[in-house]
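Asks: From first to last, the protein sequence lines are chains A and B. The first sequence begins at 397 in the working numbering and counts up by one. The second sequence begins at 397 in the working numbering and counts up by one.
Keep in mind the hints are simulated off the structure, nothing from the lab. Treat the hints loosely; a few may be bogus.
The list treats identical chains as one, so a pair stands whether inside a single copy or across any two.
[To be verified] Think about it this way: if two alpha-carbon atoms lie no more than 20 Å apart in a straight line, the pair counts; the simulated EDC-like pairs of lysine to aspartate or glutamate are:
1. Lys727 to Glu795
2. Lys527 to Glu516
3. Lys568 to Asp592
4. Lys765 to Asp540
5. Lys793 to Glu734
6. Lys415 to Glu404
Protein chains: 2
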Amino acid sequence: MLNVLTVEETMRLIDERVKPLGRTQQAGIGEAAGRVLAEDVTGTEYVPGFDRSTVDGYAVRAKDTFGCSEALPALLTLSGEILMGQQASEKLQPGCCMAVPTGGAVPEGADAMVMVEHAEDYGDGTIGIMKPAAPGDNMIYRGDDITPGKVLLSAGLVLAPQDVGTLAAMGKVQVSVSVRPRVGILSTGDELIPADQAPQEGQIRDVNSHFLAAMFAAAGGAVHNYGIIRDEDALIGAALDRAIEENDMVLISGGSSVGLKDAACRLIEERGELLMHGISMKPGKPTILGIASGKPVFGLPGHPAAAYFSARLFAMRAFWNLCGSRQEPVKVSAVISESIGANHGRTQFTAVTLTGTPGSLTATPIRSKSGLITSISAADGFIAISRDSEGLGAGAKVEVTLFRALPY
Amino acid sequence: MLNVLTVEETMRLIDERVKPLGRTQQAGIGEAAGRVLAEDVTGTEYVPGFDRSTVDGYAVRAKDTFGCSEALPALLTLSGEILMGQQASEKLQPGCCMAVPTGGAVPEGADAMVMVEHAEDYGDGTIGIMKPAAPGDNMIYRGDDITPGKVLLSAGLVLAPQDVGTLAAMGKVQVSVSVRPRVGILSTGDELIPADQAPQEGQIRDVNSHFLAAMFAAAGGAVHNYGIIRDEDALIGAALDRAIEENDMVLISGGSSVGLKDAACRLIEERGELLMHGISMKPGKPTILGIASGKPVFGLPGHPAAAYFSARLFAMRAFWNLCGSRQEPVKVSAVISESIGANHGRTQFTAVTLTGTPGSLTATPIRSKSGLITSISAADGFIAISRDSEGLGAGAKVEVTLFRALPY
Numbered sequence: 397m398l399n400v401l402t403v404e405e406t407m408r409l410i411d412e413r414v415k416p417l418g419r420t421q422q423a424g425i426g427e428a429a430g431r432v433l434a435e436d437v438t439g440t441e442y443v444p445g446f447d448r449s450t451v452d453g454y455a456v457r458a459k460d461t462f463g464c465s466e467a468l469p470a471l472l473t474l475s476g477e478i479l480m481g482q483q484a485s486e487k488l489q490p491g492c493c494m495a496v497p498t499g500g501a502v503p504e505g506a507d508a509m510v511m512v513e514h515a516e517d518y519g520d521g522t523i524g525i526m527k528p529a530a531p532g533d534n535m536i537y538r539g540d541d542i543t544p545g546k547v548l549l550s551a552g553l554v555l556a557p558q559d560v561g562t563l564a565a566m567g568k569v570q571v572s573v574s575v576r577p578r579v580g581i582l583s584t585g586d587e588l589i590p591a592d593q594a595p596q597e598g599q600i601r602d603v604n605s606h607f608l609a610a611m612f613a614a615a616g617g618a619v620h621n622y623g624i625i626r627d628e629d630a631l632i633g634a635a636l637d638r639a640i641e642e643n644d645m646v647l648i649s650g651g652s653s654v655g656l657k658d659a660a661c662r663l664i665e666e667r668g669e670l671l672m673h674g675i676s677m678k679p680g681k682p683t684i685l686g687i688a689s690g691k692p693v694f695g696l697p698g699h700p701a702a703a704y705f706s707a708r709l710f711a712m713r714a715f716w717n718l719c720g721s722r723q724e725p726v727k728v729s730a731v732i733s734e735s736i737g738a739n740h741g742r743t744q745f746t747a748v749t750l751t752g753t754p755g756s757l758t759a760t761p762i763r764s765k766s767g768l769i770t771s772i773s774a775a776d777g778f779i780a781i782s783r784d785s786e787g788l789g790a791g792a793k794v795e796v797t798l799f800r801a802l803p804y
Numbered sequence: 397m398l399n400v401l402t403v404e405e406t407m408r409l410i411d412e413r414v415k416p417l418g419r420t421q422q423a424g425i426g427e428a429a430g431r432v433l434a435e436d437v438t439g440t441e442y443v444p445g446f447d448r449s450t451v452d453g454y455a456v457r458a459k460d461t462f463g464c465s466e467a468l469p470a471l472l473t474l475s476g477e478i479l480m481g482q483q484a485s486e487k488l489q490p491g492c493c494m495a496v497p498t499g500g501a502v503p504e505g506a507d508a509m510v511m512v513e514h515a516e517d518y519g520d521g522t523i524g525i526m527k528p529a530a531p532g533d534n535m536i537y538r539g540d541d542i543t544p545g546k547v548l549l550s551a552g553l554v555l556a557p558q559d560v561g562t563l564a565a566m567g568k569v570q571v572s573v574s575v576r577p578r579v580g581i582l583s584t585g586d587e588l589i590p591a592d593q594a595p596q597e598g599q600i601r602d603v604n605s606h607f608l609a610a611m612f613a614a615a616g617g618a619v620h621n622y623g624i625i626r627d628e629d630a631l632i633g634a635a636l637d638r639a640i641e642e643n644d645m646v647l648i649s650g651g652s653s654v655g656l657k658d659a660a661c662r663l664i665e666e667r668g669e670l671l672m673h674g675i676s677m678k679p680g681k682p683t684i685l686g687i688a689s690g691k692p693v694f695g696l697p698g699h700p701a702a703a704y705f706s707a708r709l710f711a712m713r714a715f716w717n718l719c720g721s722r723q724e725p726v727k728v729s730a731v732i733s734e735s736i737g738a739n740h741g742r743t744q745f746t747a748v749t750l751t752g753t754p755g756s757l758t759a760t761p762i763r764s765k766s767g768l769i770t771s772i773s774a775a776d777g778f779i780a781i782s783r784d785s786e787g788l789g790a791g792a793k794v795e796v797t798l799f800r801a802l803p804y
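The shape of chain A in the complex, shown without the other chains:
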């Protein structure tokens, strides 16, 4: 008989047993965002490839401007104009300046740019500089953005738009990414009916397969939703066989009742190795984990809110492990609005709403029975109360994991 594990033991078990798939593919720069980078991306050239102005103005030798002022401008000979996208045909000579637009190439010999607002064109080929420039002013040096050999993006990173920008800057228009893990999702339970049907008394619509599919697709998975499987060992076994065959990980929800949980344990054990028999958490205790054909198979609780926590905390960790990435969900600090009891021996997860502003957020627990998906929908995030806690008093500091973190 396997023991019930703590939340932390379960995390460690997942990290020990669920390793990166190691399958990669090439993604074009236009579809790389959101994918997991599978290579370290290292600079291969200097970007920019030339010293570049960040203002409209005049390229100068800084020392030619020392001591100048509005009252006593430095007078420099305008010896040329750099056009956008072109290089200077000659070196800047002492006592001279050249006009350069924002983004244009700073000519050899120059070491600073003076903004056009601090200069006056006298119209006779002479420019008056009103403000001294220090070397490096208003310019980006060759290689300031990228130099050869510099590691810019590391394997395991989920590529954000700015990383796509970095790839573009260095001309890397194809990049190696992890293949999307295939996630098979099954619901069991004879009380379940498809979401588009009207329940009779005793029946309930399948909720879990829908939100699990949305969750793992949002994380970048290739999701196969097999829907509802009738609660018979032969049927569930056949569905598990197919899902294990066709996917890289499998989630089967619904084994909350003792009989169903035992059946799920037995069916997983027949196909591989049962690693875990429950987690000391609430909600989410009847979570099981096995490995079949080298693939993680999670048995999730039937109650939607319990399945939500279990999937988010554990199945999602396994998913990121398959991707070769480590993601920590976004947490914010808050104080709790009212005292909340602990659940001795079990880590308790409680949905909360947030009010206030960053740095002074208040988290208000949503008092609801386990299993209600609408209580998750109505919340902003959740807190975890550790298994050895005596509970939290009103005003205690908590970390809130956000339910709806959007990047923009």
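Dock chain B against chain A, hints included.
Replies: What follows is chain B alone, placed relative to chain A:
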């Protein structure tokens, strides 16, 4: 001559002038996640539709168990067993109990469930109850999750997986969502070359169109990337005409130099109304906004980091307005590692890295020149230093907007 606006004035201007498109479409439950809900979703029935057990055990009349203990169990007659997905054929009589699995229907007449762990089956048709039950124990009442008329999800919400679960629970397998705004993206500047080409001196690869496309696609936009347009009024004008025609908003980046910015202003003005001539921020000052054919047209700076801030703060706000949604980016509280100067009269945006844990995060400014996309890639978020600030001392509390907030 239009004035340069503050960040706050620009936000207000966008809110005044960029309104929801108001175009909606139906989305199936399988593709609704990430879309903006365009209707209030209200309960139409009771979910669950029956009183439901949250444990494996026995349905009882709570008062039949009062005063019982392990030493003195309450003896109840087992009058039936409820199967999963079925209703009880008869009402529970006083002095009786019925076996009910987790998720099963609690029979009429019962008002509590006793967990199987707190009961003993004597095998003679009698069950011993060892622990008194209070009414409502271990059960969810009809309508606990959803009742008719209750507003569950409000228009403007970006549907998260749990909301998809809520839709499934109520049998709403089609939902009205806002159409994805079409976002046209153009880059200008004669120094630009496509990302897959090797730059000559004075040339630089187009970065902006790539990361802007990724950013607005990630937010749910239908992006059209028109690539690089040569810096000639006739060409830019024709490209703008096409982009305005084919999209709901247009971003043209590259007008950082005075000449290019003036041209962009003139070209937008010829096609509609120029609303704004610059923003008192750094980086990002040369941001312009106009309205043409009723559609917002943003002129973004050419420097990638400046374009990034400008797009994230302003163009993204316009995007969400078109969607009929209000999104606030995720912010966390931190203290700053070192003093940082202010930029009097301009709101200053500075990229930072974060270390520590929620509640005790330290933000370290990345000292880099404006324009470097790799400095955004290397950072965790950014802080804003207000235009009337005297600067921040080491240890000052700051709000950090995250660059890489992922939901999981």
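Asks: Can you give the numbers of the hints that this structure goes against, from lowest to highest?
Replies: none
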